[in-house]
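Engineer: Single-letter residue listing:
Protein chains: 2
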Amino acid sequence: MGGRSLQTFMVLFLFMICLSNIQISEARIRHYRWEVKYEYKSPDCYKKLVITINGRSPGPTIIAQEGDTIIVDLENSLLTENVAIHWHGIRQIGTPWFDGTEGVTQCPILPGDTFRYEFVVDRPGTYLYHAHYGMQRESGLYGSIQVSPRDGVAEPFDYDYERSIILNDWYHKSPSEQATGLSSTDFKWIGEPQSLLIQGKGRFNCSKLTTPSLDPDACNQTKPECAPYVLTVIPGKTYRLRIGSLTSLSALTFQIEGHNMTVVEADGHYVEPFVIKNLFIYSGETYSVLVKADQDPSRNYWATTSVVSRNRTTPSGLATFNYYPNHPRRSPPTVPPPGPVWNDVESRLAQSLAIKSHQNYIHKPPQTTDRLIVFLNTQNQVDGRVRWSVNNVSFNLPHTPYLIALKENLTDAFDQTPPPTGYDFVNYDIFKRTNKTNATSSDGIYKLQFNTTVDIVLQNANDMNINNSETHPWHLHGHDFWVLGYGKGKFDIFNDPRNYNLENPIMKNTVAVHPFGWTALRFRADNPGVWAFHCHIEAHFYMGMGVVFAEGIDMLKNLPSSIMGCGHTKGFHRP
Amino acid sequence: MGGRSLQTFMVLFLFMICLSNIQISEARIRHYRWEVKYEYKSPDCYKKLVITINGRSPGPTIIAQEGDTIIVDLENSLLTENVAIHWHGIRQIGTPWFDGTEGVTQCPILPGDTFRYEFVVDRPGTYLYHAHYGMQRESGLYGSIQVSPRDGVAEPFDYDYERSIILNDWYHKSPSEQATGLSSTDFKWIGEPQSLLIQGKGRFNCSKLTTPSLDPDACNQTKPECAPYVLTVIPGKTYRLRIGSLTSLSALTFQIEGHNMTVVEADGHYVEPFVIKNLFIYSGETYSVLVKADQDPSRNYWATTSVVSRNRTTPSGLATFNYYPNHPRRSPPTVPPPGPVWNDVESRLAQSLAIKSHQNYIHKPPQTTDRLIVFLNTQNQVDGRVRWSVNNVSFNLPHTPYLIALKENLTDAFDQTPPPTGYDFVNYDIFKRTNKTNATSSDGIYKLQFNTTVDIVLQNANDMNINNSETHPWHLHGHDFWVLGYGKGKFDIFNDPRNYNLENPIMKNTVAVHPFGWTALRFRADNPGVWAFHCHIEAHFYMGMGVVFAEGIDMLKNLPSSIMGCGHTKGFHRP
Numbered sequence: 001m002g003g004r005s006l007q008t009f010m011v012l013f014l015f016m017i018c019l020s021n022i023q024i025s026e027a028r029i030r031h032y033r034w035e036v037k038y039e040y041k042s043p044d045c046y047k048k049l050v051i052t053i054n055g056r057s058p059g060p061t062i063i064a065q066e067g068d069t070i071i072v073d074l075e076n077s078l079l080t081e082n083v084a085i086h087w088h089g090i091r092q093i094g095t096p097w098f099d100g101t102e103g104v105t106q107c108p109i110l111p112g113d114t115f116r117y118e119f120v121v122d123r124p125g126t127y128l129y130h131a132h133y134g135m136q137r138e139s140g141l142y143g144s145i146q147v148s149p150r151d152g153v154a155e156p157f158d159y160d161y162e163r164s165i166i167l168n169d170w171y172h173k174s175p176s177e178q179a180t181g182l183s184s185t186d187f188k189w190i191g192e193p194q195s196l197l198i199q200g201k202g203r204f205n206c207s208k209l210t211t212p213s214l215d216p217d218a219c220n221q222t223k224p225e226c227a228p229y230v231l232t233v234i235p236g237k238t239y240r241l242r243i244g245s246l247t248s249l250s251a252l253t254f255q256i257e258g259h260n261m262t263v264v265e266a267d268g269h270y271v272e273p274f275v276i277k278n279l280f281i282y283s284g285e286t287y288s289v290l291v292k293a294d295q296d297p298s299r300n301y302w303a304t305t306s307v308v309s310r311n312r313t314t315p316s317g318l319a320t321f322n323y324y325p326n327h328p329r330r331s332p333p334t335v336p337p338p339g340p341v342w343n344d345v346e347s348r349l350a351q352s353l354a355i356k357s358h359q360n361y362i363h364k365p366p367q368t369t370d371r372l373i374v375f376l377n378t379q380n381q382v383d384g385r386v387r388w389s390v391n392n393v394s395f396n397l398p399h400t401p402y403l404i405a406l407k408e409n410l411t412d413a414f415d416q417t418p419p420p421t422g423y424d425f426v427n428y429d430i431f432k433r434t435n436k437t438n439a440t441s442s443d444g445i446y447k448l449q450f451n452t453t454v455d456i457v458l459q460n461a462n463d464m465n466i467n468n469s470e471t472h473p474w475h476l477h478g479h480d481f482w483v484l485g486y487g488k489g490k491f492d493i494f495n496d497p498r499n500y501n502l503e504n505p506i507m508k509n510t511v512a513v514h515p516f517g518w519t520a521l522r523f524r525a526d527n528p529g530v531w532a533f534h535c536h537i538e539a540h541f542y543m544g545m546g547v548v549f550a551e552g553i554d555m556l557k558n559l560p561s562s563i564m565g566c567g568h569t570k571g572f573h574r575p
Numbered sequence: 001m002g003g004r005s006l007q008t009f010m011v012l013f014l015f016m017i018c019l020s021n022i023q024i025s026e027a028r029i030r031h032y033r034w035e036v037k038y039e040y041k042s043p044d045c046y047k048k049l050v051i052t053i054n055g056r057s058p059g060p061t062i063i064a065q066e067g068d069t070i071i072v073d074l075e076n077s078l079l080t081e082n083v084a085i086h087w088h089g090i091r092q093i094g095t096p097w098f099d100g101t102e103g104v105t106q107c108p109i110l111p112g113d114t115f116r117y118e119f120v121v122d123r124p125g126t127y128l129y130h131a132h133y134g135m136q137r138e139s140g141l142y143g144s145i146q147v148s149p150r151d152g153v154a155e156p157f158d159y160d161y162e163r164s165i166i167l168n169d170w171y172h173k174s175p176s177e178q179a180t181g182l183s184s185t186d187f188k189w190i191g192e193p194q195s196l197l198i199q200g201k202g203r204f205n206c207s208k209l210t211t212p213s214l215d216p217d218a219c220n221q222t223k224p225e226c227a228p229y230v231l232t233v234i235p236g237k238t239y240r241l242r243i244g245s246l247t248s249l250s251a252l253t254f255q256i257e258g259h260n261m262t263v264v265e266a267d268g269h270y271v272e273p274f275v276i277k278n279l280f281i282y283s284g285e286t287y288s289v290l291v292k293a294d295q296d297p298s299r300n301y302w303a304t305t306s307v308v309s310r311n312r313t314t315p316s317g318l319a320t321f322n323y324y325p326n327h328p329r330r331s332p333p334t335v336p337p338p339g340p341v342w343n344d345v346e347s348r349l350a351q352s353l354a355i356k357s358h359q360n361y362i363h364k365p366p367q368t369t370d371r372l373i374v375f376l377n378t379q380n381q382v383d384g385r386v387r388w389s390v391n392n393v394s395f396n397l398p399h400t401p402y403l404i405a406l407k408e409n410l411t412d413a414f415d416q417t418p419p420p421t422g423y424d425f426v427n428y429d430i431f432k433r434t435n436k437t438n439a440t441s442s443d444g445i446y447k448l449q450f451n452t453t454v455d456i457v458l459q460n461a462n463d464m465n466i467n468n469s470e471t472h473p474w475h476l477h478g479h480d481f482w483v484l485g486y487g488k489g490k491f492d493i494f495n496d497p498r499n500y501n502l503e504n505p506i507m508k509n510t511v512a513v514h515p516f517g518w519t520a521l522r523f524r525a526d527n528p529g530v531w532a533f534h535c536h537i538e539a540h541f542y543m544g545m546g547v548v549f550a551e552g553i554d555m556l557k558n559l560p561s562s563i564m565g566c567g568h569t570k571g572f573h574r575p
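First to last, the sequence lines map onto chains E and Y.
Note that my numbering gives residue 279 to position 279 of the first sequence, counting from 1, and the numbers run on in steps of one.
Note that my numbering gives residue 5 to position 5 of the second sequence, counting from 1, and the numbers run on in steps of one.
Fair warning: there could be bad hints in the mix.
Which copy is meant is left open, so a pair is good if it fits within one copy or across any two.
[Claimed, not checked] Pairs of lysine-lysine, DSS-like flavour, derived with a Cα cap of 27 Å:
id : residue 1 : residue 2
1  : Lys223    : Lys188
2  : Lys447    : Lys557
3  : Lys292    : Lys188
4  : Lys47     : Lys223
5  : Lys277    : Lys356
6  : Lys208    : Lys237
7  : Lys188    : Lys48
8  : Lys557    : Lys407
9  : Lys173    : Lys356
10 : Lys277    : Lys292
11 : Lys47     : Lys188
12 : Lys173    : Lys223
13 : Lys208    : Lys48
14 : Lys447    : Lys364
15 : Lys488    : Lys37
16 : Lys292    : Lys223
Keep in mind the hints are simulated off the structure, nothing from the lab.
Remember, it's a predicted structure, so these values are computed and weren't measured experimentally.
Build out the structure end to end from the sequences listed, making use of the hints.
Structural biologist: Pasting the structure below:
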């Protein structure tokens, strides 16, 4: 090879490397076309209407890589119902209008319309998507988002294979039936869920039907559709299970009989690994756990999920942890493990406290805050209806999305008075049943100074029942927050902050407030947009347990007209 | 009294008369505020979700006088569902945009929105209103419109009192459940209705539940809500019963035990009176009958309604015809009369033929027509789904309302090819099962030359079952038509028109096509707008049994922006 040709070769070689590097580093566009419609499905053997995406519930898993752009063209093929989908855990930096929260960031999508969601998944991790309109999430409109790191970027743990699993609780009644009962003056609560689903598969005992049917297809336990979910593993291999919960109501525990799990990721952030027998998981949370198939390979094992934090009447959800080459339908020879007792608050608090940022991935929080807001969570009556409240204000969604109202200065679209930033810390007894008549309702919001640090303390309290306080998983849109601390009883504004973890707190988008306790979190108001922050229990948010933050609205460029067309924004959308 | 004061008195007196005359002749505005929402109701003792208006189903009766303007401010308080209401029988002259037909004359009304309907009731008579979106009518969103003549204008019959009664059939499943079954490739038909309602009250035998419930409130025959409707009469008095049918499926017969009825009005037109024992009534029709309380006053009587034209499995609906002062809950001492047998087509055809215009109120039809359109009604398969078709084209509603698309010249909003105006008259055998695969679907429409006379022949045929042809009640929006004739078998285009009744045909807005028969009607295309013409059986229209006429669009002034905001008209609505 002469000097000239060597030179040419080198140039070409470098060019090739360059090209391949571009291919490696260049983010891709992942384009999905989804048709949303009603279908009859039997996820737990009981046949009912389910909202499917392309015929499936859970919908297709979005598998992407850090930096990719996701485009979802969502066609609403429901007959008379609108729809909206939230991309849970995706911060929507630069695209706050595609957060998918009806009434906050967009108008609902009408039947017959196709709406384009377009956003970047800017961080590896495990995320979710689900309906965010009325109580539609309960209809089965949900799925997983799985984001891997950029090529060549290692994660702080090793595994051979991975699986996404969504845990859910399942009702046989429709969201309309539930919502009508919740919002009537003779309040009717639908009760505990009929079953628990593991990746869309549950098992309702048809003989337990309070309404037995003569239709053999109405509840049929022989349907393959409701055969237990099978997690097949190869002996000796290590599996990353990406586990998310989208329960309507239930806090859950998840365990795999005879196997330890190592928690390595929470809500898209690496966790300093710790080993558990069972994982407590609250609605809106995601975890990655590593499981090694290191037990006797001659049999299968149970994977189970059960209700905690409420006296369970819902049977455990069962899946099969199947050692290859055993038959996937071969039942384990054992009784499914019962898991921890439902009212063991200490163990759940202990897991919450155990979750710290991985030592090599610490995002140190700002050491001081610019603003402290305390949110007292209570159950109240407003206008003769049972409601949930924050600082005695029960939240109503407006019909004009805040994002548009704020950007277009439609001051009559919602209450311009901000709700209170605290409660009567001195006199309020969090261990006493709530006063039934002392709450109001509002669609007012909290405006946050852009680029400031905000502390939120979520204060739990006794609800309307004697000696009862529920677990509330709060989810923040558009941000991750640092979890600074948990405590029991009433938050002490002077002393408790001294014990905050400011060294290695985990960042999350969803966090539990334990019964009669408090949870403190901190975030930077650095994402221009309007963001819901609410209890992820579907009925609680519907009944007013939420707030909305707005920040940096003046920094937003023009909003896409596709999000407009309802309330005061009729006529704002011109295609 | 001196001359001067007498003069003053006379002037004042004349002024007063003048004032009172103005009050008499001046049309009034009747303003209603309606909130539409879901509530649990037990119209037939079985509790289910019902869409109510101001807490009621049937909704409030609109009682007005000829020439009045009706304003209804309709607030949609459903959670995720849109809505639209059609004013059935009101021609909407000058206000075609308020016909309330989603996809034809307006976009649906979003949750949280208040939509104003404003129209004139320009003719005395008995009319209806009901949801016209998806299959929402079946949820109980319907009511009566009762228009009296102008003061001083007599009607051609006398009565002492009047009552409005709507007959309906009732399903325990939701419209979403029905629609999902009908539109899936493994077609599931919901079957016959569970009960028949008389003015919103029916009686389901809870022990016959195929799905008995442990909830004592789920089906409770002791509820006052589902006690039979009571029609209290004073002995010797004559009652005008304004009877409408809004069944989803069923053709009905209505009778009052031991009493004759005199038919005096049909769809807002005076009928040459005739006496019947039982009234056949099809979905979308209204009749006024006179009943004299001339029987033994010491007891009560049954008023009953039963299914005809389909082999009935639905029990008869029962009301009490209560002679005052007997107790309204005192059961008649007799067995309810069974009514005519379901498959007695001849009697039904005879009633159809008996209905002629009252001799003093004849609107003579044009003696010739400008255009003849024949509509063959068949059941077919399109893309693997069971559908109903007209001339082998199954109708789909577009998502951009025709009225706006035509006025704004949005030619890509729907198929610009008009559907066929006839079928293969020579070769098509109407007595043979339909070919399952020979239909297509379209949202194309028929454009009618303004101010022309149009003849429509509705031709019935065998459906997908052997030796079966159903009764289809066709309803025309925006017009009344003359009913020129009925016949058996295949319409003979050369000979049958010779037997048309061109002397005293009744005008109607809804007419039945009897099994294996045809019905001929004529109307003037003199109402600028876009008008649906369809089978009033909710499932048949949903499955494609309808057409749309457009006429005089260029004569319309600006459309109200309130009807816009969906499909291609997003952004057209600016409040």
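Engineer: May I ask which of the numbered hints given earlier this structure violates, with the numbers listed in increasing order?
Structural biologist: 3, 6, 9, 15 and 16
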